[in-house]
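2 protein chains.
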Amino acid sequence: MGKKYICLDIGGTKILGAVLDEKDNIVFRVKKKTKANKGIEEIEKRIIGVIDELMKELGADKKEIEAIAAGAPGVINDETGEIIYAPNLPWENYNLKKVIENEFDIPFYIGNDANLGMLGEWKYGVAANRENVVGIFVGTGIGGGLILNNKLFTGKRYDAGELGHMVLNTEGPYCNCGQRGCFEAYASKVAITREIRAQIQRGRKTVLKDFLDEDSIIKSKALKYAIEAEDSVALEVMDNAIYYLAAGTGNLINIFNPDMVVLGGGVLESLGDYVMPLLKKYLKRFALPALLSGTEIAQSSLGDDAIIYGALAVIKDKKG
Amino acid sequence: MGKKYICLDIGGTKILGAVLDEKDNIVFRVKKKTKANKGIEEIEKRIIGVIDELMKELGADKKEIEAIAAGAPGVINDETGEIIYAPNLPWENYNLKKVIENEFDIPFYIGNDANLGMLGEWKYGVAANRENVVGIFVGTGIGGGLILNNKLFTGKRYDAGELGHMVLNTEGPYCNCGQRGCFEAYASKVAITREIRAQIQRGRKTVLKDFLDEDSIIKSKALKYAIEAEDSVALEVMDNAIYYLAAGTGNLINIFNPDMVVLGGGVLESLGDYVMPLLKKYLKRFALPALLSGTEIAQSSLGDDAIIYGALAVIKDKKG
Numbered sequence: 001m002g003k004k005y006i007c008l009d010i011g012g013t014k015i016l017g018a019v020l021d022e023k024d025n026i027v028f029r030v031k032k033k034t035k036a037n038k039g040i041e042e043i044e045k046r047i048i049g050v051i052d053e054l055m056k057e058l059g060a061d062k063k064e065i066e067a068i069a070a071g072a073p074g075v076i077n078d079e080t081g082e083i084i085y086a087p088n089l090p091w092e093n094y095n096l097k098k099v100i101e102n103e104f105d106i107p108f109y110i111g112n113d114a115n116l117g118m119l120g121e122w123k124y125g126v127a128a129n130r131e132n133v134v135g136i137f138v139g140t141g142i143g144g145g146l147i148l149n150n151k152l153f154t155g156k157r158y159d160a161g162e163l164g165h166m167v168l169n170t171e172g173p174y175c176n177c178g179q180r181g182c183f184e185a186y187a188s189k190v191a192i193t194r195e196i197r198a199q200i201q202r203g204r205k206t207v208l209k210d211f212l213d214e215d216s217i218i219k220s221k222a223l224k225y226a227i228e229a230e231d232s233v234a235l236e237v238m239d240n241a242i243y244y245l246a247a248g249t250g251n252l253i254n255i256f257n258p259d260m261v262v263l264g265g266g267v268l269e270s271l272g273d274y275v276m277p278l279l280k281k282y283l284k285r286f287a288l289p290a291l292l293s294g295t296e297i298a299q300s301s302l303g304d305d306a307i308i309y310g311a312l313a314v315i316k317d318k319k320g
Numbered sequence: 001m002g003k004k005y006i007c008l009d010i011g012g013t014k015i016l017g018a019v020l021d022e023k024d025n026i027v028f029r030v031k032k033k034t035k036a037n038k039g040i041e042e043i044e045k046r047i048i049g050v051i052d053e054l055m056k057e058l059g060a061d062k063k064e065i066e067a068i069a070a071g072a073p074g075v076i077n078d079e080t081g082e083i084i085y086a087p088n089l090p091w092e093n094y095n096l097k098k099v100i101e102n103e104f105d106i107p108f109y110i111g112n113d114a115n116l117g118m119l120g121e122w123k124y125g126v127a128a129n130r131e132n133v134v135g136i137f138v139g140t141g142i143g144g145g146l147i148l149n150n151k152l153f154t155g156k157r158y159d160a161g162e163l164g165h166m167v168l169n170t171e172g173p174y175c176n177c178g179q180r181g182c183f184e185a186y187a188s189k190v191a192i193t194r195e196i197r198a199q200i201q202r203g204r205k206t207v208l209k210d211f212l213d214e215d216s217i218i219k220s221k222a223l224k225y226a227i228e229a230e231d232s233v234a235l236e237v238m239d240n241a242i243y244y245l246a247a248g249t250g251n252l253i254n255i256f257n258p259d260m261v262v263l264g265g266g267v268l269e270s271l272g273d274y275v276m277p278l279l280k281k282y283l284k285r286f287a288l289p290a291l292l293s294g295t296e297i298a299q300s301s302l303g304d305d306a307i308i309y310g311a312l313a314v315i316k317d318k319k320g
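Chains A and B, in that order, give the protein sequences.
First residue of the first sequence? That's 1 in the working numbering, and the numbers climb one at a time after it.
First residue of the second sequence? That's 1 in the working numbering, and the numbers climb one at a time after it.
If you're looking for bench data, these hints aren't it; they were derived computationally from the structure.
Be aware that a few hints might be false.
For identical chains, the list gives no copy identity; a pair is met inside one copy or between any two copies.
Unchecked claim - Within a straight-line C-alpha distance of at most 30 Å, the following computed BS3-like cross-link-like pairs (lysine-lysine) qualify:
1) K156 <-> K316
2) K205 <-> K45
3) K319 <-> K151
4) K123 <-> K156
5) K156 <-> K280
6) K318 <-> K156
7) K151 <-> K316
8) K33 <-> K280
Please construct the entire structure, taking both the sequences and the accompanying hints into account.
In structure tokens form, the structure reads like this:
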């Protein structure tokens, strides 16, 4: 049957797992809630549960699993497998590698999710064979990944590419990080949700009201529904978010002069057809023309599977 | 007598030339005005004149000149020596390499001045042996240089590191590039001069008035004099510029997670003792604490000679 690989995308709300075969095809998938608020042991149990289910699907073929790899949010030492810090999970100086290897006796690798998303698009997706690529992933927050000189760039302390905390307006809205006017405070789903709530509080009518509970973050699919219904609040709020998405993207083009910028994450996955043309329009305002004209602006081609494929790339790379 | 190297720093207002010996010491210097407004041929004559004077100083030893190298502003193909575009000089798709090699029959190399300044500090200055370094050079504009994974990063089209055109406020003051709120539109001498003029127009008294002609850019030494005299306009304007210098520097720390940020250029050369403590204070507002704590914030140690030493590094590198 040939070699098999288990790849995971561990997020703050859900864990995606997949088995991939030697030809890089996804053969099974499993999805579970993370239940991050229930503590470290419950999350471990759920990650192990995802792997167990994938192995059960494989049956006798589970002997052929070469390695397991995962992307997770946070600052991760990809050599030791230690998660130094994770913003949405109760992990600090936590070694998930030891936990998984003790449980399954199969090599386990882990990396930052945005970095793995970038790696996935670069090895298997739209950014293949590009020397310098900036990846911008728009979801609850904004994550970034950098391919520089044909290599994933992580900086010395595994934390380069905090693109979401680039300041676009020194006096702008406060960000969760304590700074003001961060990229993420303008163009992420957290920011979009804040703006929708502000309009609802002003008494404006919007179909989005029904999609928001007290503490929830708006779902990309709800945004898509509202945009298609030409809801004026949704159109205004998204227009503003895309304007700042262009400001941040333009800065990164001016700094890196990349071959390509890849845009991905949940918002692009649901709303790419709406976001991309507006983004390109506003980019003319924020990127130097000589640099913009040489930069491809592309949407992620792997979508929700980008991190899964990045994990596969890590396994293939470690296997040499 | 051993090998000699001629290194040049070709700026919009002046050309600095130096002869360096095998032990990397500067043995002679020559300085001439560029007279950029007099056209390409006059500039060529002046560059050749600087080299001629350096050779005359060397006398019989001029046979020992191994190579000539120069830093110049603009987008430069450092393989062919072609200057694709230069903002303050009348050069477009212009090959200075051919001109100099025809004249002297000695190998000539050229690179972007900010990149060479970064290279100089990395090979011979304060940034020696650091793997990832961001260089920010504050003069008339703001130039940038990047050392990533122990290598100068220039992007594919020789134009990475346009750090000066990173937007810090989407609705900020217009920049020469046509964007609004660029780093350079807040923290360069052009921006500082604009703010001083605005205060003079408001009728405020300042010692800086005597240092400004109708079209001139304020000199760093005049700023130093005014700061030492505790001139209130100078103090306010510099405080504002340093606040934005911190905003730009903080963004770059968040993006690159570098080992070190090096600050250089004329403003730092004259006012480093004043700028650096304020910069470090404001940086706490703009860089993520975990990243800031691991980043050295250093002033250029080569000062006005950084580009000269970067040119030397280019020659040594080409000679293998």
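- Message: Hint compliance check: list the failing hint numbers for this structure, sorted ascending.
- Response: Numbers 2 and 8, in rising order.
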